[in-house]
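One letter stands for each residue in the lines below.
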Amino acid sequence: SQQGEEDPQALSIQEGENATMNCSYKTSINNLQWYRQNSGRGLVHLILIRSNEREKHSGRLRVTLDTSKKSSSLLITASRAADTASYFCATDGTGANNLFFGTGTRLTVIP
Amino acid sequence: NAGVMQNPRHLVRRRGQEARLRCSPMKGHSHVYWYRQLPEEGLKFMVYLQKENIIDESGMPKERFSAEFPKEGPSILRIQQVVRGDSAAYFCASSPPSAYYGYTFGSGTRLTVV
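If you read the protein sequences in the order shown, they are chains A and B. When you read off a place in the first sequence, starting at 1, and then add 1, the result is the number in the numbering used here. When you read off a place in the second sequence, starting at 1, and then add 10, the result is the number in the numbering used here.
Isolated chain B, as found in the complex (with noise of 0.2 Å):
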């Protein structure tokens, strides 16, 4: 599969613990960018990075919310101590080093705090 890989689909969590979201982007991407959706609303803009680095974050949590993405492997949202104003559907897309041609998105991770 060419696309934009997220897992998991659905999370479920108690307040209090630690949600792991994860995104791979597509083949040839080095641009990922992590968006957050409530129901019934658009997406806000959360983090974009490139290989090792974070270009912007002005969009995340000061605090519980970090996001990486190494040299190896998927790029990771990861939320400490949920509370359930956290719940919310989670996209990750990515681009190459240009986005003119537009941002090819995954299908996100629904995540639910109990």
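Next up, chain A with everything else stripped away, as it sits in the complex (with noise of 0.2 Å):
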């Protein structure tokens, strides 16, 4: 199976602190992408990080790829409230358009 994995499966901080979320997948992509899903909605898309990239920045995201270690991580700095919900990477196969999904890390950050 192509689909990653999302560690922690959940994470509670406080307002203001970081969120570190990891992502490991098992086979060659052409690039990894971070989705986020409120509850209850369609998941959008926040980052893209090309294979041949390391580390990527976005507004507060932060986004590292080492594929010899088949592994992402993201960081969100400065928590906000507004910021709880799960978040995915996916992975596409080279030379495929579909992404696989993890399995998330659910966010909550305490007011």
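The set of hints was computed from the structure by calculation and includes no laboratory data. Just so it is clear, the structure is predicted and the values come from calculations on it, not from any experiment. C-beta atoms are modelled at their ideal positions from N, C-alpha and C, and glycine is treated no differently. Incorrect hints may appear among the rest.
What the hints assert, rightly or not - EDC-like, lysine to aspartate or glutamate: derived pairs with alpha carbons at most 20 Å apart:
# : chain 1 : residue 1 : chain 2 : residue 2
1 : B       : LYS54     : A       : ASP8
2 : B       : LYS37     : B       : ASP96
3 : B       : LYS81     : B       : ASP66
4 : B       : LYS72     : B       : ASP96
5 : B       : LYS81     : B       : GLU62
6 : A       : LYS27     : B       : GLU78
7 : A       : LYS27     : A       : ASP8
8 : B       : LYS54     : A       : GLU6
9 : B       : LYS37     : B       : GLU78
Said to hold, decoys possible - Label-pair distances were calculated between CB atoms; the ranges are:
#  : chain 1 : residue 1 : chain 2 : residue 2 : range
10 : A       : LEU62     : B       : PRO106    : 20 to 26 Å
11 : A       : LEU62     : B       : PRO107    : 25 to 31 Å
12 : A       : ARG42     : B       : GLU28     : 22 to 28 Å
13 : B       : PRO49     : A       : ALA82     : 22 to 28 Å
14 : A       : GLN15     : B       : PRO107    : 41 to 47 Å
15 : B       : SER40     : A       : HIS58     : 28 to 34 Å
16 : A       : ARG81     : B       : ARG32     : 33 to 39 Å
17 : A       : GLU56     : B       : ARG74     : 43 to 49 Å
18 : B       : LYS81     : A       : ARG42     : 26 to 32 Å
From these two lone chains plus the hints, build me the complex, please.
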């Protein structure tokens, strides 16, 4: 299976703290993407990192990718209560458009 | 609304009935993907379609499930003779020919089989 796995499954932090989520995957990829899902809603694309990139920033988000370890991390700095959601990593098979999602990290930010 | 439209939002079916889930992709998007999500779990890939073409259906159960994306109209995910285990949220996403900039997801259809 190409499906990734996020770690931890659940994370609870205080507002203002940083949150780090990890993703491991199994096959070679073209790129890795992170998505966010609020309870009961569809997923929203956050950021994409290509297989030849090691780090990428977007606002309070920082993503790293280590293709030798087949792992990625998502860091959310200065967290806010509105960041409370589930976060998923998604990988593509090389040459394919379809994405395979991990099991998600459920982040709770306590005001 | 330029986003991905899924309907209905909620669908209740009795065991043995048929469920039809519809997805209209974002304007300009020619690729559609269907996923299933069980409570507290991630998304499981089901099928990837282009207009009048199934590209990858490796995630579709062999029986009772089918999908289409006709030349005109929305993509349809059809589940025949539903069973309780089919209860889940079904999400549709769309993308342009390259998914490089990510998918756009619909809000999902929550199917409950009673």
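Handout entry: Enumerated hints in conflict with the structure, sorted upward
Key = Per hint list: 2, 6 violated.
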